[in-house]
Amino acid sequence: MMSSVKKDRLGKIIDASFFPLLIFFSLIMLIPVYILVKVSISQPVDVLTQHPTFLIRNFTWDHWIKVLTSGKLWPAFRKSFTVATLTAIFAIIIATPASYVISRLPKKVKYVVILGLFFTRMFPNVGIALPIAVKFLKWNLMDTYIGLVLAHLIEQLPFITWILVGTFEVIPVDLEKSAMIDGASRLRALMSIVIPNAAPGIAVATLFVWLNSWNEFTYALYLSLSENTLPLQVYYYVNRGGFFQTATYATILTIPVAVVTYALQRYLKSDYLGGAIK
Amino acid sequence: MKRFFKKYHLEILLILPLALYIFYFTLIPILQTIKMGFTNPITGNLSLENYRYLLEREDFRKAFVNTFIISILGLIMQLAAGLILALMLKKEFKTKGIFRAIILTPMGVPTLVSGVALLYIFDTQGYFNELLYRITECLKYIGLIANTYRFVPIDWASGGIRTILMIAFGDMWKVTPIVTLLLLAGLESIPLDVYEAAQIDGASKWQTFKNITLPLLKPSITMAVILRSVDLFRIFELPMILAGKTVPVLATYAFEEYRVYNNPNISGAVSTILLVIIMIFVLLYLKYVDKGEGLA
Numbered sequence: 001m002m003s004s005v006k007k008d009r010l011g012k013i014i015d016a017s018f019f020p021l022l023i024f025f026s027l028i029m030l031i032p033v034y035i036l037v038k039v040s041i042s043q044p045v046d047v048l049t050q051h052p053t054f055l056i057r058n059f060t061w062d063h064w065i066k067v068l069t070s071g072k073l074w075p076a077f078r079k080s081f082t083v084a085t086l087t088a089i090f091a092i093i094i095a096t097p098a099s100y101v102i103s104r105l106p107k108k109v110k111y112v113v114i115l116g117l118f119f120t121r122m123f124p125n126v127g128i129a130l131p132i133a134v135k136f137l138k139w140n141l142m143d144t145y146i147g148l149v150l151a152h153l154i155e156q157l158p159f160i161t162w163i164l165v166g167t168f169e170v171i172p173v174d175l176e177k178s179a180m181i182d183g184a185s186r187l188r189a190l191m192s193i194v195i196p197n198a199a200p201g202i203a204v205a206t207l208f209v210w211l212n213s214w215n216e217f218t219y220a221l222y223l224s225l226s227e228n229t230l231p232l233q234v235y236y237y238v239n240r241g242g243f244f245q246t247a248t249y250a251t252i253l254t255i256p257v258a259v260v261t262y263a264l265q266r267y268l269k270s271d272y273l274g275g276a277i278k
Numbered sequence: 279m280k281r282f283f284k285k286y287h288l289e290i291l292l293i294l295p296l297a298l299y300i301f302y303f304t305l306i307p308i309l310q311t312i313k314m315g316f317t318n319p320i321t322g323n324l325s326l327e328n329y330r331y332l333l334e335r336e337d338f339r340k341a342f343v344n345t346f347i348i349s350i351l352g353l354i355m356q357l358a359a360g361l362i363l364a365l366m367l368k369k370e371f372k373t374k375g376i377f378r379a380i381i382l383t384p385m386g387v388p389t390l391v392s393g394v395a396l397l398y399i400f401d402t403q404g405y406f407n408e409l410l411y412r413i414t415e416c417l418k419y420i421g422l423i424a425n426t427y428r429f430v431p432i433d434w435a436s437g438g439i440r441t442i443l444m445i446a447f448g449d450m451w452k453v454t455p456i457v458t459l460l461l462l463a464g465l466e467s468i469p470l471d472v473y474e475a476a477q478i479d480g481a482s483k484w485q486t487f488k489n490i491t492l493p494l495l496k497p498s499i500t501m502a503v504i505l506r507s508v509d510l511f512r513i514f515e516l517p518m519i520l521a522g523k524t525v526p527v528l529a530t531y532a533f534e535e536y537r538v539y540n541n542p543n544i545s546g547a548v549s550t551i552l553l554v555i556i557m558i559f560v561l562l563y564l565k566y567v568d569k570g571e572g573l574a
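Residue numbers (our numbering), protein chains in the order written: chain A, 1 to 278; chain B, 279 to 574.
Please keep in mind that the hints were generated in silico from the structure rather than gathered at the bench.
It is possible that part of the hints are untrue.
Only pairs whose alpha carbons sit at most 30 Å apart, straight line, appear in this in silico DSS-like list of lysine-lysine [stated by the list, open to error]:
#1 Lys483/B <-> Lys110/A
#2 Lys12/A <-> Lys110/A
#3 Lys285/B <-> Lys177/A
#4 Lys107/A <-> Lys374/B
#5 Lys372/B <-> Lys107/A
#6 Lys488/B <-> Lys369/B
#7 Lys313/B <-> Lys107/A
#8 Lys496/B <-> Lys369/B
#9 Lys107/A <-> Lys280/B
#10 Lys372/B <-> Lys12/A
#11 Lys12/A <-> Lys483/B
#12 Lys108/A <-> Lys483/B
#13 Lys372/B <-> Lys483/B
#14 Lys280/B <-> Lys110/A
#15 Lys483/B <-> Lys107/A
#16 Lys313/B <-> Lys135/A
#17 Lys107/A <-> Lys496/B
#18 Lys177/A <-> Lys280/B
#19 Lys284/B <-> Lys177/A
#20 Lys284/B <-> Lys110/A
#21 Lys108/A <-> Lys372/B
#22 Lys496/B <-> Lys12/A
#23 Lys110/A <-> Lys285/B
#24 Lys569/B <-> Lys110/A
#25 Lys138/A <-> Lys284/B
#26 Lys565/B <-> Lys108/A
#27 Lys565/B <-> Lys12/A
#28 Lys12/A <-> Lys369/B
#29 Lys12/A <-> Lys284/B
#30 Lys496/B <-> Lys108/A
#31 Lys108/A <-> Lys569/B
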């Protein structure tokens, strides 16, 4: 009983520093975003100086107007948007039936399949993008939408399969069975019982795939020669040293991601991050 | 065999598109890259020429070392930050929802963009240097230090350990929410009565943490270590944006050999080396640190 009498000094320190620490972490999480937006709406005098200001002193929409009217934003925006949408659609079409099957496999087999999917993640992207780029050069798929969609699916299919296996796993097998007893075929039971039950999970997964493809950088870098996606456009201005264009393009790239992430916050569970390996 | 196909024809049909896609667009490319790494670019024969070339390259050795330091340092930083935040968010307090949302902010920011934001912060004329400058000015004003101008401003992108720290911080900023969520899920699965029992026995916070939380959290920690180390070794976007050529890591080095120097075979060899490192790291971790408990 000594320890209960002895004062828990560490415990006291932790209790006292709880909120200060929380606020410190919160600031660290918020400041980079604030700085980014701040640069995109500041006049050069506040940014390109020996001593940049922390507060927004000279507000201006100049950089935004320039970027929005430059004619360089929309082609990149359209490419990123179209590719992300097509990637999400194809991913859902290919991965939904497959992950249903995987979710109904015996436990041991399922584990092996999922580990196999994880293995594809261990190989560096620059290694997979290399032969893909060589192949697509031959096939004339460089700079095309379909080329990028095919490449983005490489990463997104294992990702979405993980999520969906988790989604299907929690739908009881008995539901399908009772439908089949009532005379439904297996495909029918799948379409009218299982899929509707999994619909919310499928929707969330699709959105995450859309976001991942919208953000994708490595494959786009390998597979684009002249026509940039939005992330490449950001990189292009980083290289050129266009301080304000970079900030503005980066903010534009972030908007949909931030909106969707905040909206889907409650779905951000570890299942979706770690896949089905727990 | 025939019976097997008849019984499972629907399953096979449903899984076939995914299997074919992964086979053709992932497995074959991986094998091609490995083969490329072992192919002499001039004669086309299998050889170790590319690896010999890499060993002689100063850039490659640097990239190799940098990748290791960034990965290990990043892993420690991320796990520490993630664990602290997860322990904090496990507590019940009034404004928890708001703080949780704030701490998840980096998830809503593309990696590339986090690189851009950090570019502004760690620029020579950036906000971090300005903060350091103001702090030192304050200290000088109070009289704690005599001279400030010797070490401010710092050029964070000039290479060496500073740049490595900057990249590791950037990656930590971006992924801490993910690590936090992973560990939080693990924390929440620990039954409450274990803690109650510890409290009755009069255990201090540190004892509770060391003897209960940490061992029971091991599966989640393993998950986080494996997911993060795989991504850290492959790190590409952040060094590309933040450091350009001064601190190459293996992934950016592989890209450069392909795109700038037009040596796909060398690039393939680097990718293969990277894969081997990742696999060895994951296996060693599972064997010696986790002893296979976490993934069971």
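Hint-by-hint comparison with the structure:
no. : hint                  : result
1   : Lys483/B <-> Lys110/A : violated, 40 Å
2   : Lys12/A <-> Lys110/A  : violated, 47 Å
3   : Lys285/B <-> Lys177/A : holds, 16 Å
4   : Lys107/A <-> Lys374/B : violated, 37 Å
5   : Lys372/B <-> Lys107/A : violated, 41 Å
6   : Lys488/B <-> Lys369/B : holds, 18 Å
7   : Lys313/B <-> Lys107/A : violated, 34 Å
8   : Lys496/B <-> Lys369/B : holds, 20 Å
9   : Lys107/A <-> Lys280/B : holds, 24 Å
10  : Lys372/B <-> Lys12/A  : holds, 20 Å
11  : Lys12/A <-> Lys483/B  : holds, 9 Å
12  : Lys108/A <-> Lys483/B : violated, 39 Å
13  : Lys372/B <-> Lys483/B : holds, 22 Å
14  : Lys280/B <-> Lys110/A : holds, 23 Å
15  : Lys483/B <-> Lys107/A : violated, 38 Å
16  : Lys313/B <-> Lys135/A : holds, 15 Å
17  : Lys107/A <-> Lys496/B : holds, 22 Å
18  : Lys177/A <-> Lys280/B : holds, 25 Å
19  : Lys284/B <-> Lys177/A : holds, 19 Å
20  : Lys284/B <-> Lys110/A : holds, 21 Å
21  : Lys108/A <-> Lys372/B : violated, 43 Å
22  : Lys496/B <-> Lys12/A  : holds, 26 Å
23  : Lys110/A <-> Lys285/B : holds, 18 Å
24  : Lys569/B <-> Lys110/A : holds, 22 Å
25  : Lys138/A <-> Lys284/B : violated, 40 Å
26  : Lys565/B <-> Lys108/A : holds, 20 Å
27  : Lys565/B <-> Lys12/A  : violated, 38 Å
28  : Lys12/A <-> Lys369/B  : holds, 15 Å
29  : Lys12/A <-> Lys284/B  : violated, 67 Å
30  : Lys496/B <-> Lys108/A : holds, 22 Å
31  : Lys108/A <-> Lys569/B : holds, 19 Å
Violated hints for the displayed structure, listed by number in ascending order: 1, 2, 4, 5, 7, 12, 15, 21, 25, 27, 29.
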